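Make the full structure from the sequences, and use the hints.
Residues in the first sequence are numbered from 1 upward in steps of one, following full-length UniProt numbering.
It is worth saying that the hints were derived from the structure and are not from the lab.
Being a predicted model, the structure only gives us computed values, none of them experimental.
Heads up, none of these hints are tricks.
Below, in silico cross-link-like pairs of lysine to any residue (SDA-like), each with a Cα-Cα straight-line distance of 20 Å or less:
1. Lys159 x Gly219
2. Lys162 x Thr137
3. Lys159 x Pro220
4. Lys162 x Thr175
5. Lys162 x Val133
6. Lys159 x Asn138
The following label-pair restraints were derived from C-beta to C-beta distances:
7. Ser27 x Trp227: 34 to 44 Å
8. Gly100 x Gln52: 13 to 23 Å
9. Ala104 x Ser252: 45 to 55 Å
10. Gly275 x Glu163: 35 to 45 Å
11. Glu51 x Gly129: 19 to 29 Å
12. Thr175 x Thr226: 38 to 48 Å
Ideal placement from N, C-alpha and C gives every residue a C-beta, glycine not left out.
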Amino acid sequence: MSALHEPVLRWYDAHARDLPWRRPEASPWSVMVSELMLQQTPVSRVLPVHEQWLERWPTPADLAAEPTGEAVRMWGRLGYPRRALRLHAAATAIVERHGGEVPADHAALLALPGVGDYTAAAIASFAFGQRHVVLDTNVRRVLARTVGGVELPAAHVTKAEKEAAAELLPEDEATAATWAVGVMELGALVCTAARPRCTECPVASLCAWRSAGYPAYDGPPRRVQTWAGTDRQCRGRLLAVLRDADGPVHPSRLEAIWAEEAQRARCLAGLVEDGLAVRTDAGTYALP
DNA sequence: GATCCGTGGTT
DNA sequence: TAACCAAGGAT
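Structure, rendered in structure tokens:
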């Protein structure tokens with residue numbers, strides 16, 4: 001047992017947020033939907049969409065029975081709308097391969113669209129109580145500080161990081177599952193990227209970063225996420241028009257929201273290529 | 001393995 | 001206010 005375990009488990013028991021996908025009655029499907037939505041998206045924005053989603057599509061089969069465009073529309077402004085397509089594709093695969101039940105097997109989860117290393121481990125751990133290394137940005141930051149003594153982890157998950165996290169995983173299955181969600185919650189609420197609340201931290205006295213005097217991050221500069229004028233912005237605006245429309249949209253309405261013609265055409269073609277939009281025989285555009 | 005993929009709150 | 005960043009995945 002690591003010295004970190006008891007304080008984190010105790011802290012989680014006292015401070016865990018009451019989130020819909022954490023409640024005892026939450027289905028594995030509810031957990032899975034939350035995990036796809038939470039990829040790169042804050043909890044506060046996910047909450048209302050998750051509630052609507054589960055109300056409309058309580059099971060994978062309910063979603064799989066709908067056109068993909070309905071998933072894209074319901075996704076709203078959560079961002080990265082391809083996740084909506086992946087969730088729909090995953091629901092279809094669950095119906096086809098797993099009798100409509102979210103699989104508990106890690107390998108089966110990993111094989112689903114939109115489910116990578118993190119998400120497979122998260123679903124297996126949170127929904128099924130299994131023992132897995134659940135390594136998200138929160139956990140990586142907590143371990144970088146408490147164990148590594150640095151402010152922030154590397155840009156991408158390293159092998160050493162995975163091994164360290166595996167070494168830290170409690171042996172008991174149920175304890176491991178609680179540890180996974182607990183250390184993640186600590187990163188989300190206390191050991192935050194900016195202005196960490198170290199005075200509220202249950203493991204402050206064990207923290208290597210704190211002991212070292214909070215040395216500032218000195219790794220390679222993190223690539224700035226440019227936005228204005230990018231294809232991402234253009235795609236977002238185009239899709240917003242399609243999403244907010246009742247039916248097919250005339251190209252003139254798309255031309256009105258992005259001046260640069262070549263970029264607009266490229267992005268529109270990209271949306272069609274990605275399956276986020278379709279071009280009708282009449283030359284209009286719509287959600288699939 | 002580097003790059004691409006949305007959105008909006010926070011500082 | 002511009003920069004940062006939030007439960008990653010696919011290619």
